[in-house]
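Trainee: Read top to bottom, the protein sequences are chains A and B. For the first sequence, position 230 (counting from the first letter as 1) is numbered 595 according to the numbering used here, and the numbering increases by one without interruption. For the second sequence, position 148 (counting from the first letter as 1) is numbered 153 according to the numbering used here, and the numbering increases by one without interruption.
Some hints here could point you the wrong way.
To be verified - Between beta-carbon pairs, the in silico distance windows are:
#1 W152/B / D517/A: 13 to 21 angstroms
#2 L605/A / V131/B: 17 to 25 angstroms
#3 T140/B / L374/A: 47 to 55 angstroms
Said to hold, decoys possible - Which residues of chain A face chain B? A few of them, derived with a C-beta cut under 10 angstroms, are:
#4 A388
#5 A395
#6 L420
#7 I425
Stated by the list, open to error - Counterexamples of contact, computed for chain A against chain B with all Cβ distances above 10 angstroms:
#8 D372
#9 S384
#10 L391
#11 P410
#12 V416
#13 V421
#14 A423
#15 H467
#16 L516
#17 A522
#18 A541
#19 A571
Hints were generated in silico from the structure; no laboratory data involved. For glycine and all other residues, C-beta sits at the position ideal for the given N, C-alpha and C.
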Amino acid sequence: MFPTLHDLLGWGPPIDTHSAFVALGLAAAAVVFLLESRRRGHNDPRIPYLVLGALVGAAIAARLGTWAQHLDPARNLDLFEQLAYGNASLLSGLVGAWLGVHVAKRIVRYPLRTGDLFAPAVALALAIGRIGCFFTEKPGTPTGASWGIVLDPDAAARVGAPAGVPLHPSFLYEIAFHAAAFAVLWFWLRHQPIAAGETLTLFVAAYAIFRFFVEFVRGNEVVWLGLTRPQLFLLVTIPLILARIAWIASRGAFNRNPERMVRSGQTA
Amino acid sequence: MDRPPEEPAPEDPTPEESARAEERAPEQPASAEPPPEPVSPYGPQPGADAEDAVAPDTAPPARPYEWTPPAEDAVAQDAPPADMAYPPVPQAPAPIGPPTAMTPPPETKDGPGVGAGVATGCGLQVLAFVLFFATAGLMLSFYGALWPFILVTVGSAVLMLSKRWRRFATGALIVCAATWIIVIGPCIAMLQPMI
Chain A
366 MFPTLHDLLG WGPPIDTHSA FVALGLAAAA VVFLLESRRR GHNDPRIPYL VLGALVGAAI
426 AARLGTWAQH LDPARNLDLF EQLAYGNASL LSGLVGAWLG VHVAKRIVRY PLRTGDLFAP
486 AVALALAIGR IGCFFTEKPG TPTGASWGIV LDPDAAARVG APAGVPLHPS FLYEIAFHAA
546 AFAVLWFWLR HQPIAAGETL TLFVAAYAIF RFFVEFVRGN EVVWLGLTRP QLFLLVTIPL
606 ILARIAWIAS RGAFNRNPER MVRSGQTA
Chain B
6 MDRPPEEPAP EDPTPEESAR AEERAPEQPA SAEPPPEPVS PYGPQPGADA EDAVAPDTAP
66 PARPYEWTPP AEDAVAQDAP PADMAYPPVP QAPAPIGPPT AMTPPPETKD GPGVGAGVAT
126 GCGLQVLAFV LFFATAGLML SFYGALWPFI LVTVGSAVLM LSKRWRRFAT GALIVCAATW
186 IIVIGPCIAM LQPMI
């Protein structure tokens, strides 16, 4: 485990490794977002408000999402503590960002779909941000595979994992998924004539399904029916996402018809 | 929802035509010649004789509306197909209404922009960190030490009320939100036992 960049690199200031990679991921996402906005001709002055909505929504929801995780309220942090330094959840952050963009759209009256702008940026940000998780958090459940990560006693005690046992590198699985998703989005899907905004829907659906199965080797607390909290959340949301995809697919949103892409972009 | 810009009708004179007509008016009485046939803005129709076309120097046809595609890989058509994925929105005239993406709301351009706000926001966050460490020991509670971050955020939010400074404040608030995601939560969790 490398809690600070000094631990990771052997030199430099003791900056939190996780934060450094999250910052790197956000910076890369900003560049990708700007490039994609320029390529698609989205130069509306209201776009920065949508970015602000996404970030504020993610910042709030990422921590509120793990707030009431105990049925006994005394075991939960109070609201201010939770917002200040409570556990952050990626899934909650994604939901918050989505809500934040929609709220911002309503406020500034922006009618167009913007998921295509966010999809590759989010994938790249998650790929980079998860590197920070890999270096600082519990890797996963024990495995007999040869690629398992073995922690020394100090590192194991720090992250609450067994020492001397090969563990699933679940964050490496996620990094590989997001890197592949970014490549697919950047080099192929964004050039396909599908309905506006739906690349984000496809990415989120793919990640939700992938995450559901990764949770089995992630090492998060099992709370009910052998499932973790993220799995319970995904158990509800995955059918909704798939139903939406089926619905828009039935309306031809994924047909290879460029007219539909343009028209849906104007009317969504 | 989005209406294309008004396309000039073929028979409507352009401002240049109107000015030219006024100049010609004294020497070309209106009753001397019959008015010319309306000319299609899309050129001669199939089957029409080439001689029927009016020379451009005498009566230039109104220029047809040219639609610019929103993206380089998007191909637009004027009429959607019958089996279009999303049904067409009724093109009701809406001269006054909420601004659309094609007609962004007028913004005051004389104020500083989003980029300036992001740059200033980064500087303010660094300053907030310095103040956070400088004053943490003076605060009665740990959360009181967060006042520099709260001050920057509240100040930026207040600036959003000003039209002139709104874009600048947006940039500053983007940095505030990013700082919250990146730094404040994890670092406060790390620093709290130390302060």
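Trainee: It remains to establish, for every hint, whether it holds in the given structure.
Mentor: Do the hints match the structure? See the list:
no.	hint	in the structure
1	W152/B / D517/A: 13 to 21 angstroms	40 angstroms, violated
2	L605/A / V131/B: 17 to 25 angstroms	42 angstroms, violated
3	T140/B / L374/A: 47 to 55 angstroms	31 angstroms, violated
4	A388	5 angstroms, holds
5	A395	9 angstroms, holds
6	L420	4 angstroms, holds
7	I425	9 angstroms, holds
8	D372	13 angstroms, holds
9	S384	5 angstroms, violated
10	L391	6 angstroms, violated
11	P410	5 angstroms, violated
12	V416	6 angstroms, violated
13	V421	5 angstroms, violated
14	A423	6 angstroms, violated
15	H467	15 angstroms, holds
16	L516	20 angstroms, holds
17	A522	17 angstroms, holds
18	A541	23 angstroms, holds
19	A571	21 angstroms, holds
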